[in-house]
Each structure stands twice: as structure tokens, then as C-alpha cells.
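The whole structure should be built from the sequences, with the hints applied where relevant.
These protein sequences, in sequence, are chains A and B. If you're matching positions, the first sequence starts at 1 in our numbering and goes up one per residue. If you're matching positions, the second sequence starts at 225 in our numbering and goes up one per residue.
Simulated from the structure, these hints should not be mistaken for laboratory data. Each hint should be verified, as a subset may be incorrect.
Unchecked claim - Here chain B is said to cover these stretches of chain A; the calculated rule only asks that three of the stretch's residues, wherever they fall, bring their Cβ under 8 Å from a Cβ of chain B: (1) 20-33; (2) 70-79; (3) 108-118; (4) 122-136; (5) 176-182; (6) 191-199.
Unchecked claim - With a cut-off of at most 27 Å between alpha-carbon atoms, the simulated DSSO-like pairs for lysine-lysine come out as follows: (7) B/374 - B/236; (8) B/296 - A/73; (9) A/194 - A/172; (10) A/194 - B/230; (11) A/161 - A/134; (12) B/230 - B/363; (13) A/172 - B/374; (14) A/134 - A/72; (15) B/363 - A/134; (16) A/161 - B/230; (17) B/265 - B/230; (18) A/161 - A/194; (19) A/172 - B/296; (20) B/236 - B/226; (21) A/134 - A/95; (22) A/73 - A/134; (23) B/296 - B/236; (24) B/226 - B/374.
Glycine residues also receive a C-beta, built at the ideal position from the N, C-alpha and C atoms.
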Amino acid sequence: MVDKIYPGLDAAVAGISDGATIMIGGFGNAGMPRELIDAVIAQGATDLTIVNNNAGNGDTGLAALLAAGRVKKIICSFPRQTDSHVFDGLYRSGKIELELTPQGNLAERIRAAGAGIGAFFTPTGYGTQLAEGKETRVINGRHYVLEYPIHADYALIKAEKADRWGNLVYRKAARNFGPIMAMAATCSIVQVSKVVDLGELDAEAIVTPGIFVQRVVQIAGECS
Amino acid sequence: MKRFSKDEIAQKVASDIAPGAYVNLGIGLPTLVANHLDPSKEVLLHSENGILGMGPAPRPGEEDDDLINAGKQPVTLLTGGAYFHHADSFAMMRGGHLDICVLGAFQVSRHGDLANWHTGAPDAIPAVGGAMDLAIGAKRVFVMMELQTKTGESKLVERCTYPLTGVGCVSRVYTDLAVIDVDAGALRVREMAEGISLPELERIVGLSLTAA
Numbered sequence: 001m002v003d004k005i006y007p008g009l010d011a012a013v014a015g016i017s018d019g020a021t022i023m024i025g026g027f028g029n030a031g032m033p034r035e036l037i038d039a040v041i042a043q044g045a046t047d048l049t050i051v052n053n054n055a056g057n058g059d060t061g062l063a064a065l066l067a068a069g070r071v072k073k074i075i076c077s078f079p080r081q082t083d084s085h086v087f088d089g090l091y092r093s094g095k096i097e098l099e100l101t102p103q104g105n106l107a108e109r110i111r112a113a114g115a116g117i118g119a120f121f122t123p124t125g126y127g128t129q130l131a132e133g134k135e136t137r138v139i140n141g142r143h144y145v146l147e148y149p150i151h152a153d154y155a156l157i158k159a160e161k162a163d164r165w166g167n168l169v170y171r172k173a174a175r176n177f178g179p180i181m182a183m184a185a186t187c188s189i190v191q192v193s194k195v196v197d198l199g200e201l202d203a204e205a206i207v208t209p210g211i212f213v214q215r216v217v218q219i220a221g222e223c224s
Numbered sequence: 225m226k227r228f229s230k231d232e233i234a235q236k237v238a239s240d241i242a243p244g245a246y247v248n249l250g251i252g253l254p255t256l257v258a259n260h261l262d263p264s265k266e267v268l269l270h271s272e273n274g275i276l277g278m279g280p281a282p283r284p285g286e287e288d289d290d291l292i293n294a295g296k297q298p299v300t301l302l303t304g305g306a307y308f309h310h311a312d313s314f315a316m317m318r319g320g321h322l323d324i325c326v327l328g329a330f331q332v333s334r335h336g337d338l339a340n341w342h343t344g345a346p347d348a349i350p351a352v353g354g355a356m357d358l359a360i361g362a363k364r365v366f367v368m369m370e371l372q373t374k375t376g377e378s379k380l381v382e383r384c385t386y387p388l389t390g391v392g393c394v395s396r397v398y399t400d401l402a403v404i405d406v407d408a409g410a411l412r413v414r415e416m417a418e419g420i421s422l423p424e425l426e427r428i429v430g431l432s433l434t435a436a
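As C-alpha cells, then:
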């Protein structure tokens, strides 16, 4: 019997090794898998490379992982925010490496990894600092920049519901990076508000098919 | 001379958006445009984080942490609106599916180059977000900005000195002094604030302007 449901958060994040690349879903706090991040902090893996749109807000979630000194590099599009003080401090003191990527390139590089694409030409960023040193090409009279996929060992994702095959549906704009990160990671770990029986999710409306998901954990007391 | 207020600028942008258009409003000044869109026009607002048919801010107490805009402020979804993942959201931009995006700017060049993501200051933490994708992706890029910096320099320039967001991407600039089309290196003035003449505007901008 295929059963991807894990009994708890500790079991769900077991085995993450030092130096791993971890994608973390969410746009700001919407869709951020806060409980899974706390479980990674407790699990202890360090020297991590993190892929997220942002670089942590406030003092919880991703910001707490950064504050714990576990992250050597972050790949993101928008680190600087009014409440990104944890990242700001680490960056200014040279304690974290930043790879800044335009948001659409970040999304497409993640999608490309999951879809088996070797690299792709995109018009985004052409002629800017963020394309310096990158291969370019003119295709049908337009300038493009070569971008490579971003693969990950793990993805931490927040979804609304899952079944034991790992099929997922999300809630509102908390979906954001979840579906593409699930595709791009070797092991996708998903926290959900509710685990439902097989067949309960409408097959026409499943957003992430279970083939992209390895581990699911239900968060107790989640009310949203 | 009587400068256009921020709301007047937003009103001008809103009135130039056709019914049924798919539009992305950037963070900052462009968000004001939403207040001036007649709901009967059914302009569909896109938000980079996976929303089409974005509605106004919710009533106090009805905020939902899972329903925010690009600026991470709470919003609502119109009846008929849709959610989608990030790769689809940016395919809407890059793939040329958005009719218009409205962005703020530090500088716009005569050739339509846009600088709006980074001051280039050595101690600044760079953050780009979706600005570069929007700049090159939408069918038309409108910029909303004050025409001059606080120290009186024109933000419409021969060549941007701030780091670029996109090359040759701006179609039209809406400012407190004039609305100007950027057309293959030519700057065509569509409208000016009351009490300013074309020669005066040229002196402020420091570039050759023509009446549209």
C-alpha cells in the first residue's frame, strides 16, 4: 500500500544532511511551511542552501532558520523587506551568500529542474546587472539570457489537503511556489491542514499529483 | 503651474486602460490606479504571487494570510478570479499575455530603458522581485513617477545612471508635470500640467520633446 503520510514533523524531516539544498515554499508568510522549518531547526542540519522567494520575515519561520546560523547561501528574488532584519544583519556582516534572481527566472529555473530541462533562454534580465557574465543569444530578433535549472535535495511545502498518495490541493495564494518546488526536489515534504481519504480530492482539481510528493505530515490544530 | 496630484496621475492611467484589459500594478504609486478603475470596465488585475481577478483590500477583521498581493498586503478575490502557481504567473508576464503593467521608476531613458530596482548604493541590499519580468513581458509598460527628484533633476534622462531593470521597454510615462509617450527615441508630450509650456518642460527634462 502506498502511504506517504508520516506520523509527525520529526519523522517527516529525518535524514536531511549538512550541506543540503532545500527549497522552501511561500511568498512572504503566505504558504510558508512554518512548522516544517521549525522541525528542520530542531533536526540540526547546517550549511544549508535555501531557495525561497524572500529571505525571511520577522523572527519566525525562515528568519529563525537564518538566525540559528544554519544557512550558508540563499537563492531568492526579494530579500530586502521592512521586516527582513535577520537576513540584513547576516548579509551585511558577510555571514550569508546571496544569489539574487529575478522572480520569474527563479520560478522557471525551479520548474525547469522538475521538468528535466537542461537550460533555457529567457528575455528577463537581458542588459541588466543580473545577466552579467551569462551567455546570451538573439532569437527572432530578440535578446535572451541563458539560465540554468535549480535542483534541490528537499522541498518544504505547505498545502491545504493531501491524500496518502501525496496528491495535493492548496489554499488561495498560498499555492505560489509549492507546485513547482514539489517537482524540482528529490524529496518533497509537505505539511497539510488535513489528510483526506483517497478519492476525496476531486481528480479534476488536484493541483500537485502525488508523483511529485514523497512525505506528508498533518499539522495538529491548524485552523486556517 | 499646477502639478498633477498623485491621484490625478492615477486617474489618467486608469482612464487609458481599456475595458477587459489584463493589468499588473507594481508596488508603490501604481497601486493607486486600482482606486480609479470603474468596476464596470472589468479590468482584471494580476498579482505576481498567483492571482488573476484581484479585488480591493478586505474589510477590517476579514484579512486572510493566504490572500495577499505582491506588496504582501491583504487583498480579496473577485467573483470569477483564479489562483495559479508561480511559473504560470510569470508565464503570463513573460509570455506577453498581460496588456499593461504600471511600474514606478527611479529613471526612464529616452529610449525606454527602465531603472527601478536598485539604487546601486554600495551598502544597499539588492532586491529585484518581479520587476524585470514585468518590464520585458507586458505588451505595454506604463511608468508612474514624479518627473523630478527631490533635488530637481529630471528622472527622464538620455541614459540611465541607475542599474537597469529592462532595456527599451517603457511605452509611456505619467508624471506630475506631463504625460509623455516614449517612441523609438522620440519623446512625445500627450498632456501637460496647467501653466507649463513645452519649452519650460524641455528645460526641466533637458531633452528634446515634441507635441504628440
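Here's how the hints hold up against the structure:
Here the segment 20-33 of chain A counts 5 residues with a CB under 8 Å from a CB of chain B, which clears the bar of 3, and the coverage holds. Here the segment 70-79 of chain A counts 3 residues with a CB under 8 Å from a CB of chain B, which clears the bar of 3, and the coverage holds. Coverage of the segment 108-118 of chain A by chain B holds. Counting CB-CB distances below 8 Å, 3 residues qualify, and the rule asks for three or more. Only residues whose C-beta sits within less than 8 Å of a C-beta in chain B count toward coverage, and the segment 122-136 of chain A has 9 of them, enough to reach three; the restraint holds.
Coverage of the segment 176-182 of chain A by chain B holds. Counting CB-CB distances below 8 Å, 5 residues qualify, and the rule asks for three or more. Beta-carbon proximity to chain B at under 8 Å applies to 0 residues in the segment 191-199 of chain A; the threshold of 3 is not reached and the given coverage is violated. For the given pair, residue 374 of chain B sits about 23 Å from residue 236 of chain B by alpha-carbon distance, which is consistent with the 27 Å threshold. Note on residue 296 of chain B and residue 73 of chain A: the hinted pairing holds, with a Cα-Cα distance of about 24 Å set against a maximum of 27 Å.
Proximity of residue 194 of chain A to residue 172 of chain A is assessed by CA-CA distance (about 15 Å); at most 27 Å being required, the pair is judged to hold. For a cut-off of 27 Å, the pair hint linking residue 194 of chain A to residue 230 of chain B is broken: about 46 Å separates their Cα positions. As the CA atoms of residue 161 of chain A and residue 134 of chain A are separated by approximately 40 Å, the hinted pair breaks the 27 Å bound. With a CA separation close to 24 Å, the supplied pair residue 230 of chain B and residue 363 of chain B stays within the 27 Å bound.
With a CA separation close to 40 Å, the supplied pair residue 172 of chain A and residue 374 of chain B exceeds the 27 Å bound. A distance of roughly 24 Å separates the Cα atoms of residue 134 of chain A and residue 72 of chain A; the hinted pair therefore holds under the 27 Å criterion. Between residue 363 of chain B and residue 134 of chain A the CA atoms are separated by roughly 26 Å; this keeps the pair inside 27 Å, and the hint holds. Straight-line distance between C-alpha atoms of residue 161 of chain A and residue 230 of chain B comes to about 44 Å, which puts the hinted pair past the 27 Å bound.
The straight-line distance between the Cα atoms of residue 265 of chain B and residue 230 of chain B is roughly 22 Å, inside the 27 Å bound, and the hint therefore holds. Between residue 161 of chain A and residue 194 of chain A the alpha-carbon distance is near 5 Å, which keeps this suggested pair within the 27 Å criterion. Of the pairs offered as hints, the one joining residue 172 of chain A and residue 296 of chain B holds, with about 14 Å between alpha carbons and a cut-off of 27 Å not exceeded. Note on residue 236 of chain B and residue 226 of chain B: the hinted pairing holds, with a Cα-Cα distance of about 16 Å set against a maximum of 27 Å.
Taking the CA atoms of residue 134 of chain A and residue 95 of chain A, the gap is about 26 Å. The hint holds against a cut of 27 Å. Between residue 73 of chain A and residue 134 of chain A the CA atoms are separated by roughly 20 Å; this keeps the pair inside 27 Å, and the hint holds. Our distance criterion of 27 Å between C-alpha atoms is met by residue 296 of chain B and residue 236 of chain B, whose separation comes to about 26 Å. A distance of roughly 17 Å separates the Cα atoms of residue 226 of chain B and residue 374 of chain B; the hinted pair therefore holds under the 27 Å criterion.
Figure legend: structure checked against the earlier numbered hints; hints not met, in rising order: 6, 10, 11, 13 and 16.
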